[in-house]
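Protein chains in written order, with the working numbering: chain A, 91 to 382; chain B, 3 to 490; chain C, 67 to 371.
For the record, the hints were derived by calculation from the structure and aren't laboratory data. Don't take each hint at face value.
[Unchecked claim] Selected chain C positions facing chain B (Cβ under 10 angstroms, derived; list incomplete): (1) Ile101; (2) Arg165; (3) Gly301; (4) Leu334.
[What the hints assert, rightly or not] To spell it out: a stretch of chain B is covered by chain A in this simulated footprint if at least three of its residues, at any positions, have a beta carbon under 8 angstroms from a beta carbon of chain A; those stretches are: (5) 258 to 267; (6) 456 to 469.
For glycine and all other residues, C-beta sits at the position ideal for the given N, C-alpha and C.
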Amino acid sequence: MSRNGTSANNGRLDVRKTYKMLIGGAFVRSESGRALDVEAPGGKWLGHVCRASRKDFRNSVVAARKAADSWAGTSAYLKGQILYRAAEMLEGRASGFREVLQSIGLSSAAAKAEVSAAVDLLVYYAGWSDKYLQIFGSVNPVSSPHFNFSVTEPMGVVAYVAGERRPLLDLVSGIAPIVVGGNAVITLSTGRSAVAAMELGEVLATSDIPHGVINLLCGLREELVGQMSSHMDVNALVVQGGDEKEHTASREACALNLKRYFLRDQGVKSDEDPYRILDTVEIKTTWHPVGG
Amino acid sequence: MTETKNPTKGSNWSYAPSPESSDHFKLKDQYGLFIGGKFVPAASGKRFATINPATEKVLAHVADAGEKDVDKAVRAARTAYEKIWRKMSGRERGKYLYRIARIIQERARELAVVESMDGGKPIRESRDVDVPLAAAHFFYHAGWADKLPYAFPGKAVRPIGVAGQIIPWNFPLLMVAWKVAPALACGNTVVLKPAETTPLTALLFAEICQEAGLPEGVFNCITGAGATGAALVNHSGLDKIAFTGSTEVGKAIQKSLAARPTKLTLELGGKAANIIFEDAAIDQAVEGIVNGIFFNQGHVCCAGSRLLVQESVEKEVVAKLKARMAHLIVGDPLDKNTDIGAINSKAQCDRIQDYIKVGQEEGAELFQTNCPIPDKGYFIRPSFFTKVAQSHRIVQEEIFGPVLAIQSFRTLNEALEKANNTPYGLSGGVWTDKGAKIFKVTRGIKAGVIWANTFNKFDPASPFGGYKESGYGREGGRHGLRPYVELS
Amino acid sequence: MSLSDTLTMPLDLRPHPVDEVGIRERVARLATRSIKKSSKIEGLKLALSMVDLTTLEGADTPGKVRQLCTKAIHLHSGRDDLPMVAAVCVYPTMVRIARESLQGTPIQVAAVATAFPSGMNPLDVKLEDTRFAVGEGAHEIDMVISRGDFLRGEYERVADEIRQVKDACGKAHLKVILETGELGTLDRVRLASDIAMQAGADFIKTSTGKIQPAATPEVVLVMLQAIDDYYRKTGKRIGMKPAGGIANAKAALNLLIMVREILGPAWLTPDLFRIGASKLPNDMLMQLEKERTGVYQGQDYFSND
């Protein structure tokens with residue numbers, strides 16, 4: 091976040107960036123008109139990000155639902171290429187991202203490592219796009235004269251709450267498996283991570299990702315998680331971080347429409363795990379007679 | 003009597019009663035709880051009667067498990083898990099399951115007859131579907147016990163621990179198999195609660211576990227009603243709950259587990275659309291409708307309870323359906339010619355009758371066959387409604403009885419829209435002779451099991467389970483192992 | 067609908083798809099019907115009354131045919147509660163003998179014609195074959211369709227031939243043999259059934275008995291469903307005759323179950339349902355004797371005519 095560099099070269103004043111959320115392919119401020127301050131670890135004011143409202147979340151669900159069927163029907167090859175394109179775009183903006191991450195408190199080495207890891211993770215999941223079905227699907231040898239097979243299908247609309255430990259990587263490691271599984275996603279980033287999320291929006295917007303497939307919100311966890319868990323048109327909720335109280339409340343609210351709920355362990359060794367894709371897909375089994 | 007000497011007009015020849023014999027076994031008067039390998043009475047000494055819904059006569063008394071009994075059963079399962087089952091090699095575990103499969107086959111007719119007596123389903127189904135499939139489930143899962151790493155490439159596989167399993171009354175023994183076989187194959191131990199109206203085959207299954215020499219406590223069976231189920235769900239000693247039943251109860255269980263790490267899988271209700279296109283093999287489709295809604299008195303969560311028929315063939319399909327239904331025989335579950343047996347309980351019978359009333363009040367048109375039904379017992383003639391709207395309760399709600407709602411559609415997209423316009427997503431059916439259309443529709447239906455040009459088929463190798471409010475997790479096949487393992 | 071209407075209407079060849087696995091499942095389910103006690107006795111008697119007792123050997127002689135006719139009238143000695151069979155089915159040259167032997171009984175004489183069993187002769191020869199048999203006194207003609215024409219898609223030719231044979235039959239009833247064992251798929255069995263009925267068949271019949279498979283339950287079911295659809299559309303009841311490979315009493319009872327549940331009781335009469343067989347009646351008689359006496363029977367106690 092180099093926006094507050096007022097020590098402009100040769101007296102030139104920097105042009106600051108207004109951070110906007112990404113909803114339905116459009117960069118928008120919160121409909122509520124509210125903003126949050128972002129501070130560096132030392133307490134230094136860095137600027138504003140949006141404070142998403144319940145209505146922003148509802149709008150995102152509408153956008154995601156609208157995009158979900160078409161994304162689910164997009165060929166695996168194309169989905170893979172689009173995710174790979176996102177990796178290309180992120181790589182191209184790597185130095186800018188490193189600066190942003192450093193501005194919110196990461197060391198130079200950590201920032202560099204995180205951006206590289208995020209790029210590599212996108213490449214990793216892009217590669218799974220046309221393979222995970224081959225690993226997780228099956229042809230089932232039933233004893234009647236039927237051809238029987240099981241395939242994965244996206245759940246539809248998935249909400250994801252990113253942790254704050256790794257501002258960029260926590261977000262990317264959540265989005266990638268959800269989206270490569272054919273779902274549309276609405277993410278919530280909080281605290282200083284919001285800045286990385288809003289930067290990522292600019293990367294995704296130039297990656298051929300159809301409008302509404304990835305929607306990035308930032309705001310307050312305590313204000314929005316309850317909305318995510320109770321919304322009747324959300325099929326799954328994946329969560330990093332949060333406390334037990336929140337998790338319990340979420341599980342209870344998820345029971346309203348039997349939303350699938352997954353608590354992601356933040357201490358995992360690796361974000362590279364195709365079984366994460368399996369979390370937010372359904373298994374569909376189809377029978378057909380074999381006859382003449 | 004029929005005209006036998008060279009008749010010149012159509013004969014009214016029909017089928018004489020053909021009851022399956024039940025003299026090759028004897029039910030006990032009383033059954034205890036099966037805990038730690040032994041049948042024991044409930045701590046409270048309480049018992050309840052299980053009746054034959056076809057005769058309303060008491061078949062036996064079974065123990066009514068309370069919190070103390072549940073605790074004892076969970077402890078027995080924990081001990082067996084820690085001391086024996088988790089340490090046993092997969093190969094040895096598998097051999098126990100093979101033994102169980104074989105004993106089910108050996109006692110097949112007894113199990114079928116008891117199933118029909120206790121639950122009301124026709125012997126034709128318990129004999130040809132429930133019991134053979136139960137044996138097949140154990141045989142299938144037995145083979146997985148020593149091959150689990152191959153089911154989850156790249157992962158280390160461990161059992162979860164002690165599983166509490168609650169099963170419904172519609173397929174009592176088959177649900178025992180669906181729940182117990184994968185749990186045991188994956189190295190977990192089990193406390194099972196069968197439904198209060200159909201406990202007997204689960205208790206016979208406990209005997210089978212004894213006969214198989216299954217180590218004490220690996221399988222425990224506690225009988226009782228909702229309170230017993232609640233006590234099981236609320237027991238903190240469980241690592242896993244698996245529930246099959248209504249969506250309402252499923253949601254309540256998820257809520258009550260919200261603050262605990264206990265894993266949960268749910269197999270809940272459904273309101274499946276069975277979609278018939280004009281280019282279908284109509285006679286087979288009509289048979290598919292019948293299998294879809296009248297199998298097991300319609301007490302099937304994946305029943306094809308909504309028929310969506312293309313308008314151009316609606317009249318033909320409805321006329322043929324009526325003709326087909328006229329041959330459905332309702333009556334004594336033990337008669338080999340019975341197609342539709344007894345409704346499982348008075349409560350369920352009342353509920354279905356209520357829905358039939360509701361449908362008429364909503365303005366739908368009821369058709370019921372005029373077959374004779376017994377005076378005693380709980381029976382409902384096969385029924386369908388026409389002139390129904392998507393908003394009618396009989397279209398939206400699960401009736402769990404032999405009552406079909408028929409709607410017409412004009413285009414493929416309209417059919418899919420109607421099919422998916424429900425909070426449920428367990429199953430669906432499509433009938434067309436056109437291959438490309440089959441794939442388009444089977445993809446388009448948002449449900450876990452799709453039958454194309456067939457309906458209500460089950461196999462241990464075939465994963466079963468729902469989308470949306472029909473629950474989560476799969477039973478059967480490689481995917482059915484996932485709910486019973488920890489991966490790392 | 068009059069006969070002339072039937073003969074002049076264009077063929078309706080719209081497909082009625084048949085799902086083979088669905089058919090097999092339906093057959094299996096129908097076979098689970100359990101026929102015991104009184105319904106077994108009644109059913110066997112009914113089935114016997116529907117038999118077309120058949121001899122179609124190159125070695126047939128007047129003596130053989132007379133014996134068969136005796137059996138047709140008196141199925142089993144000492145039992146006068148049994149029906150007579152519906153018809154005796156022979157080659158055209160044996161029609162006269164059969165008519166003489168069956169004089170004074172209601173038993174019909176059926177003749178196979180149209181270059182039975184292959185049908186591989188010119189149309190005028192087939193028509194002459196038919197006229198000869200009718201002239202000899204046949205009440206019923208069992209013709210074969212030209213499977214070659216059918217399999218190469220010459221459906222109009224197949225239909226036209228049936229129409230002309232029907233015309234040559236005069237008052238004799240026409241059974242059209244599809245020879246389903248040569249048609250390959252159940253879809254084709256259905257199409258051949260539809261063509262035969264539209265072209266004027268009074269009965270449709272599965273097989274000559276010379277080709278295997280013959281009257282499989284699957285084929286019978288498909289043909290019954292075709293008859294049902296034709297009835298729903300035209301109001302005209304077409305008869306059904308499975309023939310060939312119906313091995314025993316159980317199979318015969320299964321046929322009755324199918325007719326009852328697919329077409330209804332109106333078809334449970336020899337006017338609309340026949341079973342072509344030569345050995346089958348003895349197995350049914352053995353079952354009837356078992357029901358009467360309570361002991362299982364042996365073949366030596368039943369006459370082979």
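Hint by hint, here is what the structure shows:
1. Ile101: holds, 6 angstroms
2. Arg165: Status violated, d = 18 angstroms.
3. Gly301: violated, 14 angstroms
4. Leu334: holds, 4 angstroms
5. 258 to 267: With 3 residues closer than 8 angstroms to chain A, the region 258 to 267 of chain B meets the three-residue bar; holds.
6. 456 to 469: The restraint on the region 456 to 469 of chain B holds, since 9 of its residues have a Cβ under 8 angstroms from chain A and three suffice.
In summary, the numbered hints that this structure violates are 2, 3.
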